[in-house]
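Undergrad: Between the sequences and the hints, there should be enough to build the whole structure, so can you do that?
Counting in my numbering, the sequence shown runs from 8 upward without gaps.
In case anyone wonders, no lab produced these hints; they're calculated from the structure.
Where is the CB? At the ideal position from N, CA and C, for every residue including glycine.
Distance ranges between label pairs, derived from CB positions:
#1 W323 x L602: 36 to 42 Å
#2 I307 x F284: 29 to 35 Å
#3 Q266 x K229: 51 to 57 Å
#4 E363 x R551: 43 to 49 Å
#5 L602 x D422: 53 to 59 Å
#6 I241 x K32: 37 to 43 Å
#7 D351 x L529: 54 to 60 Å
#8 K306 x L529: 43 to 49 Å
#9 F21 x Q266: 57 to 63 Å
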Amino acid sequence: MACPSPWKDIEDKFFECSICLDLFKEPKQLPCLHRFCKQCLESLLEGQVGTFECLLCKDVCKIPNNRIDGFKTDFHMKSMLQFIQLQKTFENRRREKCIGCEEKLKVTAYCFMCLKNFFVSSVINFILTKKIFAKHQKHVLGLNDLERKSLTQKKLASLMEAPRCHTHPEHKAKLCCCTCGNLPVCVTCTYGKHKGHDIQDVANVSKEERERLQKRLEELVKQKENVASLTNKINKVNAELTSIVADTQRKWKTQYEDQTRKLKNKKKKVKREFNRFKTVLEERSRKELKELESEMEEKIRKIREDYDRMIKMIIWDSKEKEDTKRNEIVNRELRIDETMNKLDAQMNERNKTIDEQQQQKLRETQNLSDLCNQWVNKFENVSTIASSVLESHNHWTDAQCIPDIRAASEPLVEDIMKDFPEIESLSDITMDDLPMLCIDIVNISDNVESVVDADVIKGTSIGSLFIFDEELKFIRALKLPEVMNWSRDILYHEGVLLICDKESRCAYAVTMDTSKTEAELLYKLPKPDIDGKTWYPWSICADRAGFVYILWDSAGKRIITQYSQDGQQLLTTKWAEDTAWCMTTLMTEEGEKLLVATSWSGKILCYGLLE
Numbered sequence: 008m009a010c011p012s013p014w015k016d017i018e019d020k021f022f023e024c025s026i027c028l029d030l031f032k033e034p035k036q037l038p039c040l041h042r043f044c045k046q047c048l049e050s051l052l053e054g055q056v057g058t059f060e061c062l063l064c065k066d067v068c069k070i071p072n073n074r075i076d077g078f079k080t081d082f083h084m085k086s087m088l089q090f091i092q093l094q095k096t097f098e099n100r101r102r103e104k105c106i107g108c109e110e111k112l113k114v115t116a117y118c119f120m121c122l123k124n125f126f127v128s129s130v131i132n133f134i135l136t137k138k139i140f141a142k143h144q145k146h147v148l149g150l151n152d153l154e155r156k157s158l159t160q161k162k163l164a165s166l167m168e169a170p171r172c173h174t175h176p177e178h179k180a181k182l183c184c185c186t187c188g189n190l191p192v193c194v195t196c197t198y199g200k201h202k203g204h205d206i207q208d209v210a211n212v213s214k215e216e217r218e219r220l221q222k223r224l225e226e227l228v229k230q231k232e233n234v235a236s237l238t239n240k241i242n243k244v245n246a247e248l249t250s251i252v253a254d255t256q257r258k259w260k261t262q263y264e265d266q267t268r269k270l271k272n273k274k275k276k277v278k279r280e281f282n283r284f285k286t287v288l289e290e291r292s293r294k295e296l297k298e299l300e301s302e303m304e305e306k307i308r309k310i311r312e313d314y315d316r317m318i319k320m321i322i323w324d325s326k327e328k329e330d331t332k333r334n335e336i337v338n339r340e341l342r343i344d345e346t347m348n349k350l351d352a353q354m355n356e357r358n359k360t361i362d363e364q365q366q367q368k369l370r371e372t373q374n375l376s377d378l379c380n381q382w383v384n385k386f387e388n389v390s391t392i393a394s395s396v397l398e399s400h401n402h403w404t405d406a407q408c409i410p411d412i413r414a415a416s417e418p419l420v421e422d423i424m425k426d427f428p429e430i431e432s433l434s435d436i437t438m439d440d441l442p443m444l445c446i447d448i449v450n451i452s453d454n455v456e457s458v459v460d461a462d463v464i465k466g467t468s469i470g471s472l473f474i475f476d477e478e479l480k481f482i483r484a485l486k487l488p489e490v491m492n493w494s495r496d497i498l499y500h501e502g503v504l505l506i507c508d509k510e511s512r513c514a515y516a517v518t519m520d521t522s523k524t525e526a527e528l529l530y531k532l533p534k535p536d537i538d539g540k541t542w543y544p545w546s547i548c549a550d551r552a553g554f555v556y557i558l559w560d561s562a563g564k565r566i567i568t569q570y571s572q573d574g575q576q577l578l579t580t581k582w583a584e585d586t587a588w589c590m591t592t593l594m595t596e597e598g599e600k601l602l603v604a605t606s607w608s609g610k611i612l613c614y615g616l617l618e
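TA: In structure tokens form, the structure reads like this:
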């Protein structure tokens with residue numbers, strides 16, 4: 008049989024923490040009267056400064072200086088939870104250790120004064136009949152009290168022992184400190200920590216608090232009636248709103264159906280009008296097409312006649328040019344053959360001359376070689392005799408032979424020590440380069456074929472690129488970005504302009520959009536970093552594979568850099584002659600070359616371009 012509870016009208020979730028969803032453990036009460044377990048509230052306050060929101064009502068609560076300990080412990084909730092635990096123990100007839108007989112049996116009573124002490128029926132009967140336990144008797148809760156359904160909250164409160172002093176737990180609290188929020192204190196505290204505070208008897212405080220609460224509850228009841236009245240008004244407004252919306256929707260539906268019907272009729276009318284227009288248009292188009300076909304056939308006939316006439320002229324002109332070119336080629340071949348004969352004669356003459364020089368040099372080197380062999384033979388003879396005399400260890404032999412040996416070796420030493428400066432020149436042979444034989448000399452015409460009119464660019468004082476057609480007639484100006492003020496060299500490459508700007512000492516890529524008047528800066532080509540010098544671009548070109556080459560200058564020193572096809576990656580760097588001035592590429596029979604022209608030294612340097 009389940010034991011009735013004094014809080015039977017209160018839902019179970021009232022005793023549960025809304026964070027951990029379990030019964031409260033050390034419940035802490037917020038100013039809004041909502042409660043949370045101490046540990047749950049502590050985790051909620053982590054990272055919060057000054058204030059925080061209640062999870063249930065969203066009220067903003069101030070965080071005390073001592074944080075979690077500054078919130079009040081809900082003693083009333085603790086007592087209710089304590090009773091609920093006792094109720095479960097009695098209902099389940101759990102076995103607990105009796106404080107009297109120390110046996111673990113089914114308990115039938117609990118003493119609130121002893122704190123956590125259970126009793127079996129035999130022991131509790133003894134306690135309730137002895138005067139020595141008089142103080143305990145009014146704090147004992149028995150199973151019979153629960154089963155009689157006579158337990159009220161007031162009676163349960165009387166079973167509870169008075170709270171202990173918060174400063175001196177060994178003393179029962181007999182007074183209440185109103186200054187500190189009705190904190191339970193003992194008499195000792197009135198002379199200590201709570202000296203000078205508003206100290207009153209707990210009964211008086213209870214009476215005053217009840218009176219204040221009663222007034223507040225009466226006010227809330229009145230306000231509750233106002234809330235009910237407001238709710239009725241809201242319900243009435245909602246009903247009126249629903250009715251108005253329904254009427255409006257019905258009205259809109261009628262209007263919509265009427266307008267839809269009119270629009271459909273208009274749509275049919277428009278479609279009929281279009282069909283009439285289409286018929287007229289098709290008839291007109293057929294007539295115009297027929298006229299156009301007749302006109303086109305006439306034009307085609309004339310064009311075909313002009314075409315046939317032009318083909319004949321082109322064939323005749325082509326044959327004439329072919330004959331002229333054939334005669335020119337024959338003459339050039341004759342000149343080339345004549346030049347090759349001259350070159351063969353020069354080559355034979357030079358081979359004969361160099362053979363004679365070689366034979367003369369070989370005779371001279373042979374004479375020197377024979378002389379060296381003579382010296383070697385003399386040296387070996389002297390060495391053999393000297394070794395024989397020295398190994399004899401005979402004084403007379405030494406006295407008679409050694410002077411002769413020394414006398415014979417002296418001229419040999421003098422000969423060996425002689426210098427032969429002419430031996431260095433024996434390998435020198437006069438080998439001049441073959442003279443360059445000029446073929447197909449091109450002459451510059453005496454007359455100027457065209458002149459560029461520069462009047463359009465006089466006095467502009469802006470960094471612009473001027474564009475001309477194939478006949479060198481000015482078309483328009485393309486304004487360059489402001490960072491460019493002195494364009495040293497320009498290259499049209501892969502649809503963009505690559506510009507060497509001397510003033511900014513950088514090379515740039517800009518757009519070449521003929522539909523715009525201003526070029527847009529795309530990117531800046533990487534600058535070389537050699538010897539910590541500041542380099543500025545001097546000349547630029549590109550090979551057939553699309554790789555870009557830039558000649559850079561710094562204090563009279565020159566380098567050549569190679570870039571990727573888009574110019575955004577620097578690949579290689581090579582030192583160039585200090586007088587290098589400009590460069591370009593040239594396709595030869597041996598492959599593509601990089602030509603670098605110098606200034607005052609008068610050289611044209613040729614570099615191979617390796618794949």
